[in-house]
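Asks: One letter stands for each residue in the lines below.
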Amino acid sequence: MAKIYFSDEHEWVRVEDDGQAVVGITDYAQQQLGDVVFVELPDEGKDLAKGDEAAVVESVKAASEVYAAVSGTVTEANEALTDTPNLVNESPQGDGWFFKMTLSDESELEALMDEAAYNDFVKGLE
Amino acid sequence: MVKGHPPLLLKERFSTAAAGLQRQEQLAGALGPERPVLLLAWQAPQALILGHSDTRLPDLPRARSALEAAGWPLLVRRSGGSACPVGPGTLQLALARVAPADFSMDAGYGELAGLLAAVGASYGLAFEVGECATAFCPGRWDIALAGRKLAGLSQRWQQRGNLRLVTTAASLNVSADPHSLAACVETFYRHADAPRPCSPTTLHSLAQAVPEHQVTCAKFLQRLADSLAGGRTSLPSSCSIADQTGATRQEIAL
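Protein chains in written order, with the UniProt record's numbering: chain B, 1 to 126; chain S, 1 to 254.
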């Protein structure tokens, strides 16, 4: 069963049964950004180390760089976001995913939060 | 503002807007524990600065040709928003700071809006915050007088190591002709096959608002420096933003 992790930078990483990790930004992040109008995604095959700039997301009034929460190699980018960036607003943890990757160090997941811990983290920001 | 760290004001003039924009986008790189806040004010010859979303318009090459032929080179910023003309008579401000974990986008916008409001108050003006939907590059943190846009704000978030960095930028019309700015933006979108009307009546300038002061960018910057030196720049707790429709506005009272 897929397991989902969260970073304090408001990204989520969902590890699927086949070991692939799907990455996106959280509902809190998309609410902070407002209407997303542009997403720049990493190329397939790109190697990302934890903390590397992986993507850029722009809304009507702000831009934020998205950093890799874990290390790995990009296997697929969500091309639907090129023409329909507002999928990030409509379904941040569904159709608004950013990219998929193979993990190079699964132990990095241990530094991330589970959903309950992330929800508490967000409550602390409000 | 970061307690105990008033922003260091850097005033710079560039021979091209591209150089100014590059300086602005690298500003956060100079932040650190010893320098947690920087404020850059810059001026440059005219250019039209796009948001990334503008680069995907249907006929961008035609728009680029038309604007460049009219003396408006196109640039792309990394802080969101849409097309915004800059040039003589406009002042670009960028406030870069280290952001604590609980520091929000609105807090960043509020800080820069507060700085601008402090200077506006010195002219006897009460700036409004809220979207000017029919002006160029509309956003929730537009700054206006009598509903006419005077400045637009945008923001970029970065991370360096464990530091979260935010740069909030403003483009302020000090003395530029609103007709020229509106015509530039309207021409761009028309040639890009994505027409967006932009009436000069939706835009304002400080020079128009207080003609008796004959405001220039240099004079505005002097008042900004005085305001920073006098500690009159903290954001009042009463400041809030307009709702998403821009239907309400609230004055920033200092």
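Everything labelled a hint here was simulated from the structure, so no lab data went into it.
Some hints here could point you the wrong way.
Stated by the list, open to error - Which chain B residues stay away from chain S? Per the calculated CB distances, all over 10 Å, these:
id : residue
1  : G45
2  : V56
3  : T82
4  : D95
Unchecked claim - Covered stretches of chain B, as calculated for chain S (at least 3 residues, CB under 8 Å):
id : segment
5  : 17-29
6  : 57-63
Think of the CB as a built atom: it goes at the ideal place given N, C-alpha and C, for glycine as much as any other residue.
Asks: State the violated hints by number, sorted upward, taking the hints as numbered earlier in the document.
Replies: 2, 3 and 5
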